[in-house]
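Protein chains: 2
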Amino acid sequence: MTPKALSVRAVRSVTLRGPLLTTRPTAYFISNVHKQQTRSFIPAMVARVASTNLLRYFGLGAVTGTAGVGGYMLFSDPDVEELTLDDIKVPELALHPSKGGMKDLPIVTNNIDDTSDEIDKPRLVIIGGGWGAVSTLKQLNEGQYHITLISPTNYFLFTPLLPSATVGTLDLRSLCEPIRKILKRVAGHYLEATATDIDFDRKLVEVRTKGTDPTDPSSAKSFYVPYDKLVIAVGSTSQTHGVDGLEHTYQLKTILDARAMKRKVLDNFEKASLPTTSPEERKQLLSFVVCGGGPTGVEYAAELFDMISEDLGNVFPKVLRNEVSVTIIQSRDHILNTFEAGISKYVEKRFSREHVNVVTNSRVQHIEPTKVIYDQKRVVVDDNGEKHEITETKEVEFGLCLWSTGIAPTTFSQLVRSKIPEQNNRRALVTDERLRLKGISDSSVYALGDCATIDNPHLVEHIMDLFQEADKDKDGTLTWNEFRDCVSNMVSRYPITENHMTKLKDLFDKYDIDRSGTLDMDEMRQMLSDIDKKMTSLPATAQVADQQGKYLGKKLKSLAMTARPPYTALDDPPLGPERSPVRATLAIAQAHESQYPPFKYTHLGSLAYVGNTAVGEFSGGFKMMGGLWALYLWRSIFLSEQVSLRTRSLIMLDWTKKWLFGRDVSIL
Amino acid sequence: MTPKALSVRAVRSVTLRGPLLTTRPTAYFISNVHKQQTRSFIPAMVARVASTNLLRYFGLGAVTGTAGVGGYMLFSDPDVEELTLDDIKVPELALHPSKGGMKDLPIVTNNIDDTSDEIDKPRLVIIGGGWGAVSTLKQLNEGQYHITLISPTNYFLFTPLLPSATVGTLDLRSLCEPIRKILKRVAGHYLEATATDIDFDRKLVEVRTKGTDPTDPSSAKSFYVPYDKLVIAVGSTSQTHGVDGLEHTYQLKTILDARAMKRKVLDNFEKASLPTTSPEERKQLLSFVVCGGGPTGVEYAAELFDMISEDLGNVFPKVLRNEVSVTIIQSRDHILNTFEAGISKYVEKRFSREHVNVVTNSRVQHIEPTKVIYDQKRVVVDDNGEKHEITETKEVEFGLCLWSTGIAPTTFSQLVRSKIPEQNNRRALVTDERLRLKGISDSSVYALGDCATIDNPHLVEHIMDLFQEADKDKDGTLTWNEFRDCVSNMVSRYPITENHMTKLKDLFDKYDIDRSGTLDMDEMRQMLSDIDKKMTSLPATAQVADQQGKYLGKKLKSLAMTARPPYTALDDPPLGPERSPVRATLAIAQAHESQYPPFKYTHLGSLAYVGNTAVGEFSGGFKMMGGLWALYLWRSIFLSEQVSLRTRSLIMLDWTKKWLFGRDVSIL
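Residue numbers (the UniProt record's numbering), protein chains in the order written: chain U, 1 to 668; chain A, 1 to 668.
Among the clues, some could well be false.
Just so you know, same-sequence chains aren't split out, so a pair can sit in one copy or run between any two.
[What the hints assert, rightly or not] EDC-like mimics (lysine to aspartate or glutamate), calculated; alpha carbons at most 20 Å apart, straight line:
#	residue 1	residue 2
1	Lys283	Asp213
2	Lys534	Asp506
3	Lys318	Glu142
4	Lys184	Asp311
5	Lys371	Asp213
6	Lys181	Asp267
7	Lys503	Asp530
8	Lys318	Glu118
9	Lys181	Asp113
10	Lys474	Glu523
11	Lys534	Glu498
What the hints contain is simulated information worked out from the structure, not anything from laboratory work.
On a predicted model such as this, the values are computed, not experimentally measured, just so you know.
Whole structure, please, built from the sequences with the hints as guidance.
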């Protein structure tokens, strides 16, 4: 190391001093100072206890508490840690970032928890803290990337169980894992802020903090975070369908939504119990309406019904049970219409037994403070025996209305799309099969999860390549064997086509229009064009985002290992904008990436909780509809999908608590 | 029963009809309809599972989950209940209450969960849902009183552990027990409303509901609740000491306070982690100030310190630890000044080691948005060696400030006091030794807990009685034996004097001024007058409220048993205002009450958590200061004091969770 480099380091590291808080001074104090005192105290205490009123304290507690507390004492010893008095070094650049970029904002090259000024690793920036982001993170190793995650919420939320938490079956906190804990393993950085823009040319993400005073927008600050690799995983927002009055409804996206909904349900029950509430108001307060018959809406309706019949019925006046109504308004002709028809029908039959009203073929027109107005289509037979479809406008009063009719892109996604001409899908950011954002040439930006969609491969455009590679004998036609090679080649290149490439012999025969026993170029073009039309995008589910995150995390790990920077101990990597070893690394990585297999989605199945049991369909055609074991399968599947041992244990505890004590019916 | 009475009943009961929600239709459905289906499904499923992707679901879950889920399935069978299709009768008067009283408001004589129109039991109304109210309730039996509890919050909060919940050591929900669950045992009624006034003449409590629209005060409704016996247990509010700027501070009274404080602490850490936060802002954000050195303030400071050093230090940038400061501002010269001096000093020494700053002899002058300004008294020695007390004005910046400087009466308490001329204590409602509100002649109103204080017995006023009863030989003086009888008589009548009646021989000698070996009337008067001056009121603690509640509950139960109404099966108790059997009952009860022993407080001890250990002093002079076992004693004491098995188990689970996974550091 040259003397110059040394002095640079010395100047660039400053030390913050102050009263150093130690990790476990308390435990240290106990174990060292008071051990003796405690020993001599105990016999004195035992002697005295009989003559004091202390025993009264134990009372009932002695019965239930002693065993628990006794066992507890054995294992709950606060652990003792050594004091560390090392000064903590903070990079000078983290304290006083330089300014730049289009808007001359601070460029945060270093964070206050970086241990040195030099960032000799590629900068990986992840926007979002949901399924896609966390699954990516969990695949990475420490030391491969300088990772920064930007999200306005500092916890990951296990969204599929949110309806359960909304009625108090699960504790909301059991569904959350702090992002900082997940990042700790890879020594990543977290910024509690919202991404507002991306400068793709300078590779800068513009972010905005919440501000010290939430009521004063000017207290929020903007800055840039530079990236070498960027992952966009910002999720989605609710689809409004242009309906007015959504401010009177609840949406089920966040912890705060879930808590507000629980409070509202219990509050309505309390209000309905008051003697000054009129019978009409009582009916309105206890009418729960769900707009949208997808899994979220159906699960919420089922959980709500369970809570009302199992828990609220016990503590609230019995008469209220007669006044409760739960209504699901669905635009299609069946609820759970992404599931197989048998499952939809099973759930509808179940609901009708339980007096959960399912209103189908109905579109919400607008929403008033306590009323949903909707148009219902119905087929009537006139006097001449002819069928007509008529539309009737109906209304239903509500005390609480959940709006769960699908997803729409966030403002940020829309902004990103508007900056890239190649992005032509209004519903999501388009990526290639390797999750690289379309329109960004250097593979520096990825998008996944709800905010992204994988582009249709447009097979017809690739017909020349596909055909010529397969046509080994160059006779201008594909024999059955050549056709099979062609298909397997195509599927490995575009895994999304796999579902359409079943029953190959039938396909071959179908498109062999001239019955020649071979397929010529025109016949193949026809087939590919038909497949192109059938291609649909992946559903916006946690399962897809999770698999995409795993894929991307593994790929990023593999790229980092392939293109490990050629540093030696003597090399002193330059600081600042050049960072040439990092650039070299990235060039190698980019070359390698095209060899890395594309993303392949494996549909494991769909599940929905429908009130003390579950329905589901799995790959291989296996279905489950109801039954006690379906409930347990549902529970074990979600347990196995947890991101941490902590949340897994907490959720098991919650189910046990619910079984022992029922749901929590305090307004919290 | 006369035909007339029969017809009255028929008219007065109406039946609400509607879709009757059944208790457990789901479980019923599973067990009856799908048992067969399930049985045939299972072998099919087992066969298929190997060939499907289902196994992937289990993955990691198989390792941790199988045992738990397996065991879970054994005991978590949803219980099956029979369908009940009985129509539920609601008293007509509950649906359409008659109007009356001073303000012509609805008088709620019946609730919608009453099973009949006639209320043939004395009406017991409890205002409040804290320690006093719940301890009273827990002593009562079903069927003795028609009980109505009025409180704006529908859960009981275990306040002594609130500081623990505020930092995430305990789950807030573990400290809550729904009032409706507690009331269920005695078939009581709960009204989510606030008592706003009492009409003592007509025996009506005026209450106000929250209103359907919280932003619109006109949606709130007022009505009267009639009582025969009334318990006022409304607690207290925070003492402001006339300090301006309290809106910038937090108070620790409710669940919402605790949650807001936790969010603020974590939010400040997130803001301090941002690179755009200046070092000065960082210091301010991480400065936590507690005004008030009582148990609440000290426990919060200790818990906060624990959370920062044990949990936040692990996930937030290390450098933040150097910037954290915790300050306690105390007006007296020691913190925990209700404890014995040795304990105060022990805690101060402990805090000084942990860099928790204790600022004593300081009064807060006013509070600015991020700054506490206070006056500190200090003794200085001038050049001539003379001591002067000087007052310096100082300030400390904060990111969060807790205001916990004692209690003050609520607006409702003040209103009640203003209506009764005999109530002359500005700090609390005054009761006699039997907890009966002073100034209410017919023993119909009780007050207890933080809102009440037991009147000083004014022994001097009773000297004639006491003296003459004891002076058996009527010689105008008390011998040593007569004096002892006199004291024991006095203590049983006024238990509050007991603490002052120790070392009787010394007392006797001290007041035998003429050394005659006997006490004459003047000497006794001097003694009683001195004792009167020494008499202090009971502290405003959960312990006092709890014991008062137990006393009152037992007394009310006993009164009900003594004066059971003389009904026979043939008697049809009249409805409406006369309700003479109830009146007769109450007259008997009132006569009996004067024979019932007065309330006697037994101080069990005081406890405070001071950071991974606890301090305490108990009756009998036993003290504990620090040590690991003190922590466990502290824990077991609080476990034994829980109001339900549910909260007791949940709190044990929470302590285990904390030990396993640390505190919860998501912003929730």
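Self-check item: Structure-inconsistent hints, enumerated in ascending order
Solution: none
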